[in-house]
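Participant: In the order they appear, the protein sequences are chains B and E.
Positions in the first sequence are counted from 1; adding 802 to them yields the working numbering.
Positions in the second sequence are counted from 1; adding 1 to them yields the working numbering.
Some hints here could point you the wrong way.
[Stated by the list, open to error] For the chain B half of the interface with chain E, some residues (derived, Cβ under 7 Å), not all of them:
1) Thr914
2) Val919
3) Phe949
4) Phe964
5) Val1024
6) Ala1049
[As the list claims (entries may be wrong)] If you anchor each label on the Cβ, the simulated ranges turn out as follows:
7) Arg923/B / Asp57/E: 50 to 58 Å
8) Asn1066/B / Gly55/E: 50 to 58 Å
9) Trp9/E / Asn1066/B: 36 to 44 Å
10) Ser957/B / Phe52/E: 41 to 49 Å
11) Leu847/B / Ala37/E: 25 to 33 Å
12) Phe267/E / Asp1062/B: 52 to 60 Å
13) Ser875/B / Val34/E: 21 to 29 Å
14) Ser957/B / Trp9/E: 34 to 42 Å
15) Arg1030/B / Asp59/E: 50 to 58 Å
16) Ala970/B / Arg119/E: 26 to 34 Å
17) Ala970/B / Leu153/E: 43 to 51 Å
18) Val901/B / Ile311/E: 40 to 48 Å
19) Ala855/B / Leu153/E: 15 to 23 Å
[What the hints assert, rightly or not] Pulled from the structure, derived: some chain B residues nowhere near chain E, Cβ distances all over 10 Å:
20) Leu849
21) Ala925
22) Ser1010
23) Leu1073
Think of the hints as simulated: they come from the structure by calculation, not from any bench.
Yeah, the Cβ is synthetic: ideal placement off N, Cα and C, and Gly gets one too.
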Amino acid sequence: MATELAPAGAPAPGAGPHPDRGGAAPRTWRPGDRVALGLCWAAGLALCLIAAAIVGYMAYRGIQYLRPSLITSRPRPSADQRGSGGFLDPIVGTVLLTVIGIALATPVAVATAVWLVEYGRPAWLARAVESGIEIVAGTPDIVIAIFGLALFQQSLFAPLSFTAAGGAVFGRSFLVAGAMMALIALPMVFGATREGLQAIPRHLREASYALGKTRIATIRRVLLPAVRPNISTGAALGMGRIAGDTAIVVVLLGATLQIDPTGNVPGLGVLRGTGSTLTSYVYNNSPAGEGAAPQKAYAAAFVLLLIVVALNFAVDLIARHAGRNGLEGTRFSA
Amino acid sequence: MHRLRKPWTDRRAELLLGALASLVLVSILLMIVFVAIRAWPSFLHNGLHWFGAGGDVDRQISDMVNTGADPAPEDYALSAWPLIWATILTTGLAVILGLGFALLAAIFLVEFAPSPVRRVLSPVIRLLAAVPSVIFGLIGILVLAPWINEHLVSQERKASVQYVINLSGTGLLVSVVILTVMITPIMIAIISDALYAVPRSWREGALALGVNRWRAIWTVSVRAVRPAIVAGAVLAAARALGEAIMLSMVSGSKGFAPNPADGLTFVFEPMRTLASTVVEDAESLNAPAVRASVYSFALLLLFSSFMLSITAFVAKLPMKRYGTGR
């Protein structure tokens, strides 16, 4: 199959240049090289096919099973699929968790990137922070989740979640899950911001210093506005990671179907309470979970996929917009 | 612009930003400490048997649930080899299968794709990398596993092992196939980034010497990005290692070590990785023995991912030196 995809045509024996060399036309190449070229094409096209198959199949199933009533009604515990309601709460949960996570991650990530690029002293600390971020990026989400549980079950963090009658801290709530989600989104925002900062040429900073601005004033007035598109890109990527993460939700959000506030303070109660997201809803309703309602799982997965695709699209949009307005680092390189 | 607040001094800003940056290090430190403390009893009471094979892991863990608040040392008995083996097997096979594919796809993307194809392909790769694992798991358990169960696993094969394990379509094959699809985009992204960064003149030099384009790419570009290939494989392995949800859905979720000596049955055998064990047993953490075991799995994962991160970091060093790195 692979060789068929290669730009076809048999070489005229002896007509072309030496098989090892040869011109631009692949048909003058050695058979081995042509096979390799064909494999390259096959790999590229297979990638497109796989992606199209996944998205297409999910769209087909999603449109087949998605009903407006599913989005607007709350889930109810029920043995019967028809009585178990929709997934309004999981959608709200996904949005809430994404907002909490990215709101916590962005300031820290941007501050870290700014400190690393603009100050970075002492050097050993800078190197430690840099490799620390790589380590966090490589840490499995399930380990982060289980660490969050151990951390937030300490009585010090009792206000963040539900406390049982015996004094045992439950350690599972939107705040707790959001804090751990921030750890997952952090490397993405950090990476994008740092890349933007490094792309800004030195003379821009020096111009600002020459006007008598301090370093921090330069950062706030010159550098941060210039890297805003990078920060948005990183944030959108991070939000995609958060919205798509399941392990942290399963372990740290308490696995109640409905959003279940703790305490009587409106708003804060929800943050301290438990709930579910689209990912945990899909997981629980798949044959692997208890619900075994595949149709609802498909519908919820489709909504989730739409969110992720939208965030991906936002990344593209930001990049294109920034490119058009010349906001990317390239603007300064002329 | 009039401001009531005094502007920040550089000194204060540097300290504040530095403190925020150190938060990352603090959280890593806390992570190691908390996980290690909770995991300690399991390693203490099992010693090196922890890593060994012996007995049924699933039964060992379910026996722990009812051991009360203060379990005796023998209640911690655990031999985690089937879980470790399943983790090695899925991660290793997925990386090996994915690497060649990723290299070819990256070369195609950077060198051969006509620009309309490239404009489609790069967002597609990003999208594939961003699809949540639970969606992959859903497709695996609702589409691939039933299909394999119906068309590839014969009744005789099921009957031949029915007293040991139950072949139902979920197992090694589905796990590795889906895991490969999940981690390949990561490798493609890293390798193609590096290929883009190879100076044009290097390849042109090779072309000017008269080799064809494929040879120029294979002998110059690919050789120059070898560190990125290693780094990509290692980072993809880290991702595969920590994949919990998707594998818990499609792996068959049984503490069984698939045995290559079983012939073709091997690829259909169910198993469960360390990460999915953590996710599935996170419900029963109230029993101290289960808690220690689950956290010991997490500690092993944490340690392995550290090692992989460091390997990737070291692998990328030579690229920084001659400027083809990022």
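Participant: Please go over all the hints and tell whether each is borne out by the structure.
Facilitator: Results of checking the hints against the structure:
1. A hinted interface residue such as Thr914/B counts as satisfied when its beta carbon comes closer than 7 Å to some beta carbon of chain E; here the least separation is about 4 Å, so the hint holds.
2. Nearest Cβ of chain E to the Cβ of Val919/B: about 10 Å, over the 7 Å cut. The hint is violated.
3. For Phe949/B, the suggested interface contact is upheld, since its CB lies about 5 Å from the closest CB of chain E, less than 7 Å.
4. For Phe964/B, the interface hint is violated, the least distance from its beta-carbon to any beta-carbon of chain E being 15 Å, above 7 Å.
5. Look at Val1024/B: its Cβ only gets to about 14 Å from chain E, farther than 7 Å, so that hint breaks.
6. Hint status for Ala1049/B relative to chain E: holds, with the closest Cβ pair at about 5 Å, below 7 Å.
7. Separation of Arg923/B from Asp57/E is about 55 Å and conforms to the stated range, judged on CB atoms against 50 to 58 Å.
8. A hinted range of 50 to 58 Å holds for the C-beta pair Asn1066/B and Gly55/E, which are about 53 Å apart.
9. Between Trp9/E and Asn1066/B the beta carbon distance is about 40 Å. The supplied range of 36 to 44 Å therefore holds.
10. The hint said 41 to 49 Å for the Cβ distance between Ser957/B and Phe52/E, and at roughly 34 Å that hint is violated.
11. Taking 25 to 33 Å as the suggested C-beta distance range, the pair Leu847/B and Ala37/E does not conform, at roughly 47 Å.
12. Taking the beta carbon of each, Phe267/E and Asp1062/B are about 45 Å apart, not inside 52 to 60 Å as hinted.
13. A hinted range of 21 to 29 Å is violated for the C-beta pair Ser875/B and Val34/E, which are about 44 Å apart.
14. At about 36 Å, the beta-carbon gap between Ser957/B and Trp9/E stays in the expected band of 34 to 42 Å.
15. About 52 Å separates the C-beta atoms of Arg1030/B and Asp59/E, a value consistent with the hinted range of 50 to 58 Å.
16. For the pair Ala970/B and Arg119/E, the beta carbons lie near 56 Å from each other, so the given range of 26 to 34 Å is not met.
17. For Ala970/B and Leu153/E, the hinted distance range of 43 to 51 Å is satisfied, since their beta carbons lie about 48 Å from each other.
18. Between Val901/B and Ile311/E the beta carbon distance is about 34 Å. The supplied range of 40 to 48 Å is therefore violated.
19. Hint check: Ala855/B to Leu153/E, Cβ distance near 19 Å, so the stated range 15 to 23 Å holds.
20. The beta carbon of Leu849/B is not kept farther than 10 Å from every beta carbon of chain E, the shortest such distance being approximately 5 Å.
21. Every CB of chain E is more than 10 Å from the CB of Ala925/B (nearest about 12 Å), matching its label as outside the interface.
22. Every Cβ of chain E is farther than 10 Å from the Cβ of Ser1010/B; the closest lies at roughly 13 Å, confirming the non-interface assignment.
23. Consistency note on Leu1073/B: stated as away from chain E, and its beta-carbon is indeed over 10 Å from all of that chain's, at 20 Å minimum.
This entry does not satisfy hints 2, 4, 5, 10, 11, 12, 13, 16, 18 and 20, going by the numbered hints stated previously.
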